[in-house]
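Work out the full structure: start from the sequences and follow the hints.
Next come the chains, spelled out residue by residue.
2 protein chains.
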Amino acid sequence: MATQRNLDETTITDAVVDQFAGTPDPRLKHIMTSLVRHLHDFAREVNLTEDEWFQGIDFLTRTGHTCSDTRQEFILLSDALGLSQLVVAQNHKRAPAATEQTVFGPFHIEGATPQPDGANIAESMPGDPLFVTAQVTGIDGTPIVGATVDVWHADAEGFYDLQDPNWSRDEMRLRAVFQTNTDGRFSFRTIQPSAYPIPTDGPVGEMLQATNRSAMRPAHVHFRVSAPSYDTLITHIFVAGDRWLESDAVFGVRSSCIADFIRREANETAPDGSKPPQPFYTLDYTFRLQPI
Amino acid sequence: MATQRNLDETTITDAVVDQFAGTPDPRLKHIMTSLVRHLHDFAREVNLTEDEWFQGIDFLTRTGHTCSDTRQEFILLSDALGLSQLVVAQNHKRAPAATEQTVFGPFHIEGATPQPDGANIAESMPGDPLFVTAQVTGIDGTPIVGATVDVWHADAEGFYDLQDPNWSRDEMRLRAVFQTNTDGRFSFRTIQPSAYPIPTDGPVGEMLQATNRSAMRPAHVHFRVSAPSYDTLITHIFVAGDRWLESDAVFGVRSSCIADFIRREANETAPDGSKPPQPFYTLDYTFRLQPI
Numbered sequence: 621m622a623t624q625r626n627l628d629e630t631t632i633t634d635a636v637v638d639q640f641a642g643t644p645d646p647r648l649k650h651i652m653t654s655l656v657r658h659l660h661d662f663a664r665e666v667n668l669t670e671d672e673w674f675q676g677i678d679f680l681t682r683t684g685h686t687c688s689d690t691r692q693e694f695i696l697l698s699d700a701l702g703l704s705q706l707v708v709a710q711n712h713k714r715a716p717a718a719t720e721q722t723v724f725g726p727f728h729i730e731g732a733t734p735q736p737d738g739a740n741i742a743e744s745m746p747g748d749p750l751f752v753t754a755q756v757t758g759i760d761g762t763p764i765v766g767a768t769v770d771v772w773h774a775d776a777e778g779f780y781d782l783q784d785p786n787w788s789r790d791e792m793r794l795r796a797v798f799q800t801n802t803d804g805r806f807s808f809r810t811i812q813p814s815a816y817p818i819p820t821d822g823p824v825g826e827m828l829q830a831t832n833r834s835a836m837r838p839a840h841v842h843f844r845v846s847a848p849s850y851d852t853l854i855t856h857i858f859v860a861g862d863r864w865l866e867s868d869a870v871f872g873v874r875s876s877c878i879a880d881f882i883r884r885e886a887n888e889t890a891p892d893g894s895k896p897p898q899p900f901y902t903l904d905y906t907f908r909l910q911p912i
Numbered sequence: 621m622a623t624q625r626n627l628d629e630t631t632i633t634d635a636v637v638d639q640f641a642g643t644p645d646p647r648l649k650h651i652m653t654s655l656v657r658h659l660h661d662f663a664r665e666v667n668l669t670e671d672e673w674f675q676g677i678d679f680l681t682r683t684g685h686t687c688s689d690t691r692q693e694f695i696l697l698s699d700a701l702g703l704s705q706l707v708v709a710q711n712h713k714r715a716p717a718a719t720e721q722t723v724f725g726p727f728h729i730e731g732a733t734p735q736p737d738g739a740n741i742a743e744s745m746p747g748d749p750l751f752v753t754a755q756v757t758g759i760d761g762t763p764i765v766g767a768t769v770d771v772w773h774a775d776a777e778g779f780y781d782l783q784d785p786n787w788s789r790d791e792m793r794l795r796a797v798f799q800t801n802t803d804g805r806f807s808f809r810t811i812q813p814s815a816y817p818i819p820t821d822g823p824v825g826e827m828l829q830a831t832n833r834s835a836m837r838p839a840h841v842h843f844r845v846s847a848p849s850y851d852t853l854i855t856h857i858f859v860a861g862d863r864w865l866e867s868d869a870v871f872g873v874r875s876s877c878i879a880d881f882i883r884r885e886a887n888e889t890a891p892d893g894s895k896p897p898q899p900f901y902t903l904d905y906t907f908r909l910q911p912i
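Line order of the protein sequences matches chains A and B. Heads up, the first sequence stops at 912 in the working numbering, and the numbers go up one at a time, no gaps. Heads up, the second sequence stops at 912 in the working numbering, and the numbers go up one at a time, no gaps.
Just so you know, the hints here were simulated from the structure itself, not pulled from any lab data. There's no promise every hint is true.
If chains are identical, the list can't say which one is meant, so a pair holds when it fits in one copy or spans any two.
Stated by the list, open to error - No farther apart than 20 Å at their CA atoms in a straight line, the calculated lysine to aspartate or glutamate pairs in the DMTMM-like style are these:
#, residue 1, residue 2
1, K713, D737
2, K895, E743
3, K895, E885
4, K713, D671
5, K649, D661
6, K895, D748
7, K649, E826
8, K649, E672
9, K713, D760
10, K895, D661
Dropping the structure here:
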């Protein structure tokens with residue numbers, strides 16, 4: 621047992637670890653022990669001052685106060701520090717043929733409305749039409765029937781519905797849940813997403829500004845694809861050619877998740893057979909799920 | 621420049637550090653770089669799962685939501701993880717003759733009422749009377765005249781005034797500010813403090829319970845002593861013999877800050893010349909300040 625008195629910046633670490641020695645759950649004990657050692661190593665390595673410590677306390681407090689039912693500033697902080705993508709990567713080792721996982725992000729909502737195949741999930745919203753056709757398969761290409769596909773994305777100005785201060789939960793926009801058909805396929809119509817900054821009006825935005833970092837994320841559509849016997853796939857499909865693909869503020873870009881959002885001229889035939897009177901985009905993508 | 625695409629749990633660290641490379645303030649750049657490396661090392665070392673990551677996000681969010689004008693749960697967390705005492709220790713190297721620094725804690729309030737020498741700061745509060753006589757000197761014993769001494773402590777049940785949900789700022793209890801006299805001395809009357817648990821009704825309490833840790837702190841009185849040309853001393857004086865001196869929940873005990881709170885019988889003569897009709901305690905202590 622390490623002494624618990626007269627602790628200096630070196631001896632205190634073993635003293636704190638000793639206080640966690642009686643943790644009943646061995647996993648929690650392992651995590652707390654490692655957390656304390658790394659937290660203390662950090663504070664010693666930079667020789668943290670009391671003013672800096674207090675700035676950290678204040679930053680965390682304001683980050684907590686920024687969190688609400690519709691905003692998760694701690695997830696945003698984790699994303700911007702690369703922790704989210706690190707955790708995703710180490711928990712989803714994938715066969716090379718499988719579609720890769722990326723960060724979940726803070727903007728998903730459970731309980732979006734189920735929609736029939738081909739639905740327009742951007743009814744009356746401004747933006748260039750986007751027609752998405754997609755298939756869900758195993759890594760060998762076998763279609764997966766009845767997979768559940770959650771879709772969500774930002775609007776043409778880069779905002780999610782829940783970022784609107786007047787938004788209420790019964791007015792979901794640019795969100796839907798689809799089921800794959802007997803060919804493992806689903807399709808929908810929406811609007812072309814745009815690149816956007818992560819929210820910069822809170823503590824995470826302050827951090828990005830103070831460190832001269834870009835807040836931009838390349839344009840993307842979020843997908844969560846789940847089916848029995850497969851590892852649920854949470855990913856984005858990024859727009860090929862986006863200027864922010866090499867500097868995503870949350871480190872989520874994977875080459876296998878970049879796809880061509882092909883621009884079509886007005887009056888060309890869209891995948892649903894219509895001939896939109898304005899230019900539009902098409903995306904065709906195959907999600908390959910990793911078996912469990 | 622590290623690649624910013626297809627990052628795995630190893631390559632992501634350099635990618636994130638690279639994004640902080642343009643930080644204008646070199647000190648902030650150093651801190652963020654070290655923070656990212658240690659945070660990532662922790663997540664890799666324990667192979668943090670997504671569920672555990674989310675439990676961490678939820679814990680931090682609830683810790684933030686527990687913070688208010690009168691409660692600082694992040695300081696409490698820092699205290700309970702030994703970070704606060706580590707930072708205090710590495711910022712206040714003291715000559716052996718100087719009184720040692722310990723944690724500030726979350727219960728201080730700026731702006732307590734100045735009181736004349738000898739004041740009773742526990743008027744009408746239940747508890748055993750305590751008479752404090754003290755001197756403030758340099759490390760060579762020279763009295764320091766006109767030092768400002770902030771005093772605060774918990775009541776006989778272990779609670780600070782601001783922990784009372786009905787408390788308002790104009791009803792400060794067991795707090796005062798004194799000035800040392802021409803001998804460098806000050807004195808006051810209060811009640812004997814008792815050992816107490818740090819607040820256990822929030823996330824920090826959950827952590828202590830889940831890890832089977834004691835929430836108890838040994839009985840103490842807080843002091844902040846400041847004078848021109850001396851390093852401000854923030855410390856506690858602990859009650860000798862307290863059963864929690866070897867397991868302080870916030871790792872703040874220093875042998876040089878343990879003092880005899882001597883029990884006296886009813887009708888003995890107190891330091892102020894009175895003869896209290898009930899048993900009482902006396903404390904005499906010399907604070908030795910480190911020159912800047």
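To see whether the hints hold, each was checked on the structure:
In the homo-oligomer, the alpha carbons of K713 and D737 never lie at most 20 Å apart, since the shortest distance is 31 Å inside one protomer and 69 Å across protomers. In the homo-oligomer, the alpha carbons of K895 and E743 lie at most 20 Å apart inside one protomer (17 Å), although the nearest pairing across protomers, at 85 Å, exceeds that limit. Taking the shortest Cα distances, K895 and E885 sit within 20 Å of each other inside one copy (10 Å), while across copies they are farther apart (99 Å). Proximity of K713 and D671 under a CA criterion of 20 Å is satisfied inter-copy only: 16 Å between copies versus 41 Å inside one chain copy.
Taking the shortest alpha-carbon separations for K649 and D661, both the intra-copy value of 18 Å and the inter-copy value of 17 Å come in at or below 20 Å. Taking the shortest alpha-carbon separations for K895 and D748, only the intra-copy value of 14 Å comes in at or below 20 Å, while the best inter-copy value is 89 Å. For the homomeric pair K649 and E826, the shortest alpha-carbon distance between copies (14 Å) is at most 20 Å, but the shortest distance inside one copy (34 Å) is not. Taking the shortest alpha-carbon separations for K649 and E672, only the inter-copy value of 13 Å comes in at or below 20 Å, while the best intra-copy value is 28 Å.
With identical chains, the CA atoms of K713 and D760 are at most 20 Å apart within one copy only, with a shortest distance of 17 Å there and 65 Å across copies. In this assembly of identical chains, K895 and D661 lie within 20 Å of each other by CA distance neither inside one copy nor across copies; the values are 62 Å within and 54 Å between.
Violated hints for the displayed structure, listed by number in ascending order: 1 and 10.
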